Amino acid sequence: MKKNKLKYVGKSIPIHDVTEKVTGRLKYVGDIELHGMLHARLLLSDIAHGKIKRIDTSKAEALPGVKAIFTYENSPNTLYNSHVWLEGMEIIKDERLFSDKIRYYGDRIAAVIAEDAKTAKKAVDLIKVEYEELPVITDPEEALKEDVVKIHSPGNVTFSKELECGNIDEGFEKADYVFEDRITTQKQHHAAMEPHVCIAAPDPFGNITIWSPCQVIFQVRLITAEVLNMPLNKIRVIKAPMGGSFGGKGQPILEPICAFLAKEVGTPIKLQMDRVQTIIGTRTRNAVIGKVKTAVDSKGNILARDIDILVDNGAYFTNGSAVNMAMAKKYFRLYRIKNQRYKGTSVYTNTPIGGACRGYGSPQIHTITEINIDNIARSLNMDPVELRLKNLVHPYDEDPIGGPNLGNARVIDCVKKGAEAFKWKEKWNRPKSKGRFVKGVGMACSTHGNGYHGAYPDFITMSLRLTEDGGAYLKSGIHDLGCGTVTSIKQIVAEVLDIHPDKILAPEGDTMISPFDSAGTQASRVTFVCGGCAKKVAELAKDKLISYAAKILNCSKDDIVVEDGLVWSVNTPHYKVSYGSIVTETQNNFEDSIEVTYTYKSPSNPGVYSANFAEVEIDTLTGLVRVVDFLAVHDVGKAINKGFVEGQIHGGVQMGIGYALSEEITIDKKGRIKSDNFNRYHIINAPDMPNVKVLLIEEGEKDGPFGAKSVGEIAAVASTPAVINAINNALDIKINSLPATPEKIIKALKEKERTVNRI
Numbered sequence: 001m002k003k004n005k006l007k008y009v010g011k012s013i014p015i016h017d018v019t020e021k022v023t024g025r026l027k028y029v030g031d032i033e034l035h036g037m038l039h040a041r042l043l044l045s046d047i048a049h050g051k052i053k054r055i056d057t058s059k060a061e062a063l064p065g066v067k068a069i070f071t072y073e074n075s076p077n078t079l080y081n082s083h084v085w086l087e088g089m090e091i092i093k094d095e096r097l098f099s100d101k102i103r104y105y106g107d108r109i110a111a112v113i114a115e116d117a118k119t120a121k122k123a124v125d126l127i128k129v130e131y132e133e134l135p136v137i138t139d140p141e142e143a144l145k146e147d148v149v150k151i152h153s154p155g156n157v158t159f160s161k162e163l164e165c166g167n168i169d170e171g172f173e174k175a176d177y178v179f180e181d182r183i184t185t186q187k188q189h190h191a192a193m194e195p196h197v198c199i200a201a202p203d204p205f206g207n208i209t210i211w212s213p214c215q216v217i218f219q220v221r222l223i224t225a226e227v228l229n230m231p232l233n234k235i236r237v238i239k240a241p242m243g244g245s246f247g248g249k250g251q252p253i254l255e256p257i258c259a260f261l262a263k264e265v266g267t268p269i270k271l272q273m274d275r276v277q278t279i280i281g282t283r284t285r286n287a288v289i290g291k292v293k294t295a296v297d298s299k300g301n302i303l304a305r306d307i308d309i310l311v312d313n314g315a316y317f318t319n320g321s322a323v324n325m326a327m328a329k330k331y332f333r334l335y336r337i338k339n340q341r342y343k344g345t346s347v348y349t350n351t352p353i354g355g356a357c358r359g360y361g362s363p364q365i366h367t368i369t370e371i372n373i374d375n376i377a378r379s380l381n382m383d384p385v386e387l388r389l390k391n392l393v394h395p396y397d398e399d400p401i402g403g404p405n406l407g408n409a410r411v412i413d414c415v416k417k418g419a420e421a422f423k424w425k426e427k428w429n430r431p432k433s434k435g436r437f438v439k440g441v442g443m444a445c446s447t448h449g450n451g452y453h454g455a456y457p458d459f460i461t462m463s464l465r466l467t468e469d470g471g472a473y474l475k476s477g478i479h480d481l482g483c484g485t486v487t488s489i490k491q492i493v494a495e496v497l498d499i500h501p502d503k504i505l506a507p508e509g510d511t512m513i514s515p516f517d518s519a520g521t522q523a524s525r526v527t528f529v530c531g532g533c534a535k536k537v538a539e540l541a542k543d544k545l546i547s548y549a550a551k552i553l554n555c556s557k558d559d560i561v562v563e564d565g566l567v568w569s570v571n572t573p574h575y576k577v578s579y580g581s582i583v584t585e586t587q588n589n590f591e592d593s594i595e596v597t598y599t600y601k602s603p604s605n606p607g608v609y610s611a612n613f614a615e616v617e618i619d620t621l622t623g624l625v626r627v628v629d630f631l632a633v634h635d636v637g638k639a640i641n642k643g644f645v646e647g648q649i650h651g652g653v654q655m656g657i658g659y660a661l662s663e664e665i666t667i668d669k670k671g672r673i674k675s676d677n678f679n680r681y682h683i684i685n686a687p688d689m690p691n692v693k694v695l696l697i698e699e700g701e702k703d704g705p706f707g708a709k710s711v712g713e714i715a716a717v718a719s720t721p722a723v724i725n726a727i728n729n730a731l732d733i734k735i736n737s738l739p740a741t742p743e744k745i746i747k748a749l750k751e752k753e754r755t756v757n758r759i
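Residue 259 in the UniProt record's numbering sits at position 259 of the sequence shown; the count goes up by one each step and never skips.
Note that these hints are calculated values from the structure, not bench results. A quick note: this is a predicted structure, and the numbers were derived from the prediction, not measured. Don't be surprised by glycine CBs; every beta carbon is placed ideally from N, CA and C. Among the clues, some could well be false.
Quick list of the computed label-pair ranges, beta carbon to beta carbon [claimed, not checked]:
| id | residue 1 | residue 2 | range |
| --- | --- | --- | --- |
| 1 | Ile-746 | Ser-379 | 18 to 28 Å |
| 2 | Lys-51 | Leu-540 | 54 to 64 Å |
| 3 | Ile-746 | Asp-688 | 16 to 26 Å |
| 4 | Asn-757 | Pro-14 | 52 to 62 Å |
| 5 | Ala-117 | Cys-165 | 52 to 62 Å |
| 6 | Lys-674 | His-650 | 25 to 35 Å |
| 7 | Pro-14 | Leu-540 | 25 to 35 Å |
| 8 | Leu-232 | Ala-117 | 25 to 35 Å |
For lysine-lysine, the following DSS-like pairs were computed, each having C-alpha atoms within a straight-line distance of at most 25 Å [to be verified]:
| id | residue 1 | residue 2 |
| --- | --- | --- |
| 9 | Lys-59 | Lys-121 |
| 10 | Lys-747 | Lys-291 |
| 11 | Lys-576 | Lys-557 |
| 12 | Lys-744 | Lys-670 |
| 13 | Lys-427 | Lys-752 |
| 14 | Lys-299 | Lys-425 |
| 15 | Lys-150 | Lys-343 |
| 16 | Lys-427 | Lys-734 |
| 17 | Lys-293 | Lys-343 |
| 18 | Lys-542 | Lys-601 |
| 19 | Lys-417 | Lys-439 |
| 20 | Lys-536 | Lys-642 |
| 21 | Lys-744 | Lys-432 |
| 22 | Lys-670 | Lys-150 |
| 23 | Lys-416 | Lys-693 |
| 24 | Lys-174 | Lys-291 |
| 25 | Lys-536 | Lys-7 |
Using the sequences and the hints given, assemble the complete structure.
Right, dumping it as C-alpha cells:
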C-alpha cells in the first residue's frame, strides 16, 4: 500500500539513548570495571626528535602496585599503518607500538601497568629517559629540502601527485586577470568530550575482547591482529558508547597497545589518556600550505585554476596520501572550471600526527580556494555571490577528472536561497563601518562526498529478522558517534516496514556478531551507504513478509496490505493480523523465518553542497572578532531526522568558527606543543556563538535512502572561509594564515596603514 506522506523519515525523533545519557546510566568505556582489571598509562616523549640511549625504569618498577612496564625492548617490532581499514591496501607502514626513535613531542616511549590509574601515573613520572637529540623540522616547506634531517628513510616526501583537466596553459593565456594567494591552515584538535580510552580482556582460550569507542570495528581487529600476529577470529571488537570523535577515533591508536598489554599480563587492561595526552599523542587535522592561482576574464568567468598543496603528515604517514587526494577530489567538484590542475605533496615533520578530522581535507581545500574567490571578487569590484553564481557547478555535471557524477548538486540553490534569507545584498551594499567597532559580511561554498565509491571498495552487509512480537532485529556493523546514527537507521527501517522505530533493535558493531562492513563510520558514508543498505534489507524483509502472508491468508501477493504492523487482504479488510502472527505461522507451518541478509554496494558518490553566510563585528583596537549572525544552507537531499541534521550543522559551524578564529595546536621551533590543554587550546564555547540559522535544501538524491545525502562532515567546512571573508570585507585586508587571531588582525591593520601612508 503506497503512502503519500512519510511517517518516520524526516521527523525529529529523539536519539535512542537519550534517557540513559541524561540520567548517567549509559556506560562509557571509562565507566566500565571488569573483575581483576588493571590500569595502564603511557609515557610520551618530551622532545620532538631523537634516539633513545637509555630508559631507566628501576624506580617505577619498585613502586608498590606496579605490575609491568613495556618499552620497545620487550614489545612487538611489527611495522603497521593505523589508517588501513581493508586488508590489501598498499600504503607506507612506519608505526610501531614503541620505538627506540622519537619523531615528535608526544611519541610513545613506554606503558606502565598498575593496580590503579593513580599508581600507573606515578610510575610513569618516575621513568627516566636519556636521548640523543636530533635536528627538528616543524615547517613542511623546510622538510622538502634535500640537506635536512630525514625523519624516516628514505626521505621526508611521502607522496606527490598531479591531476589535470583541460588545457591549463591555454586557460591562463586567455585570461584578463590572474590572481594568486598563498594561504596556510593549521593543525586542529578534535576536542571530543571523551578522551581516548579502551579496554582489552584475554580469555583462557587465547582470545582477546576489546571494548572501544571506535569508528571501524573491523579496522581495529585487522590492525590489532597484524601487530600481535594473531588470527582475526581470536580478536573480538565491541563498539562501545562514544563521547564524540570528529575523526579523532578513526584510527586504532590505543587498541593494539591495550590488547598487547592484556595478552602479556593475562588480565583485563584499561588504557586511558588524559586531555593533555589526547591533544599531543593522538591525531590532528593536517596542516596545509596552499598556493592557488586563478585566471578570470573581465566578466568574472573563471577560465583556469592551478593549485599547489603541501600537506603536513606530522611524524608518521597514516593517511598522508588519502587526505591529499580527498582535497583533490573536492577541488574539481565545486566550480565549472574547464582548465584546472592540482598538485599535491605530503611530507613528514616532527609534529603531531595528521589523521582523519571532520571534513577530511574539505576544510583545508575550501578555505584556501574560497578565500581566493573572495579576493578575486573584491579585486574585480564584484559581489562575491554573483561571482560564484557565474561559475558554480550544476546538477548532474560530470566530474572533470573522471570521478563519479556530481549527482543532484544544488549548490546554486544554496547560494540563491541563502543570499535572500541572509539579506545579503542589503548587508553587502551598506556603507562601511567606521570607528573602533566595524562590521563585515562574508560567504563561502563547499562540497563533500558520500562514501568511498570511486576510490575504495564501499559495501556493507546487514541482516534483518522480523520477530514474533511484531518487532525487528537489525544486525549490522554500524557505529554511532553520538550523533544519532542508530536512531536514523531505525527510522529508515521503520518507514519501510511501517512499524514504530522503538520496535526495532539495532545494536552497534561487534565483530563476533555483525556482518562485515567495509569502512564503518567514516567518509560521510553512513546515511547514504549504510542507510541505503538498511532500506534495501527492510524492503526484502517486507517482501518476504508479504509472500508468506499471501499464503497464510490464501490470496495473491498483490492483494496484501501492510500498515502499522498489521497485515490484511483487500478481499477481507475486516480480518487483520499482526506481523508477529505472520512470523509465528511462518515458523510453525513453513519451517522458515522472515529473515534476510543483503550486501549493499554503494552505487554512486554524489556531492553534497553548502553555502554559509557570516556577519562579524571586529574591535579594531584589540583585534577581537565576534561572529554576530550566521546562516548555514545545506543541500542534504532529504533529512532523515531534521533535528539531528540541524544539530550536526550547528556543531559543524562551531567547529568551523573555531578553526577560523582560535583553534590551533601551537608548536615552537623545538617541536614542543604549547597548546596542550583547554587553557591554551581555545575552542569556541556557547557564549561565543552567534544565532545560527539553518536552511535545508531537500531536492532528493536518486541513490540515497528516501533521497538522503550526508551532512555530518560538510557541516564543518564553509563556515571557516565565510568568517575569514567577512573579516577581510570588514577591514579591507587579506588574512592568509589561519587562525585569524587578534594578533594577526592587528598586524594586518598596521601593514595596511603603512601601505596607505607610503602611497
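Verification of the supplied hints:
{"no.": "1", "hint": "Ile-746 x Ser-379: 18 to 28 Å", "verdict": "holds (24 Å)"}
{"no.": "2", "hint": "Lys-51 x Leu-540: 54 to 64 Å", "verdict": "holds (59 Å)"}
{"no.": "3", "hint": "Ile-746 x Asp-688: 16 to 26 Å", "verdict": "holds (19 Å)"}
{"no.": "4", "hint": "Asn-757 x Pro-14: 52 to 62 Å", "verdict": "holds (60 Å)"}
{"no.": "5", "hint": "Ala-117 x Cys-165: 52 to 62 Å", "verdict": "holds (55 Å)"}
{"no.": "6", "hint": "Lys-674 x His-650: 25 to 35 Å", "verdict": "holds (30 Å)"}
{"no.": "7", "hint": "Pro-14 x Leu-540: 25 to 35 Å", "verdict": "holds (28 Å)"}
{"no.": "8", "hint": "Leu-232 x Ala-117: 25 to 35 Å", "verdict": "holds (31 Å)"}
{"no.": "9", "hint": "Lys-59 x Lys-121", "verdict": "holds (13 Å)"}
{"no.": "10", "hint": "Lys-747 x Lys-291", "verdict": "holds (22 Å)"}
{"no.": "11", "hint": "Lys-576 x Lys-557", "verdict": "holds (15 Å)"}
{"no.": "12", "hint": "Lys-744 x Lys-670", "verdict": "holds (22 Å)"}
{"no.": "13", "hint": "Lys-427 x Lys-752", "verdict": "holds (24 Å)"}
{"no.": "14", "hint": "Lys-299 x Lys-425", "verdict": "holds (19 Å)"}
{"no.": "15", "hint": "Lys-150 x Lys-343", "verdict": "holds (23 Å)"}
{"no.": "16", "hint": "Lys-427 x Lys-734", "verdict": "holds (20 Å)"}
{"no.": "17", "hint": "Lys-293 x Lys-343", "verdict": "holds (12 Å)"}
{"no.": "18", "hint": "Lys-542 x Lys-601", "verdict": "holds (20 Å)"}
{"no.": "19", "hint": "Lys-417 x Lys-439", "verdict": "holds (23 Å)"}
{"no.": "20", "hint": "Lys-536 x Lys-642", "verdict": "holds (22 Å)"}
{"no.": "21", "hint": "Lys-744 x Lys-432", "verdict": "holds (21 Å)"}
{"no.": "22", "hint": "Lys-670 x Lys-150", "verdict": "holds (16 Å)"}
{"no.": "23", "hint": "Lys-416 x Lys-693", "verdict": "holds (16 Å)"}
{"no.": "24", "hint": "Lys-174 x Lys-291", "verdict": "holds (21 Å)"}
{"no.": "25", "hint": "Lys-536 x Lys-7", "verdict": "holds (18 Å)"}
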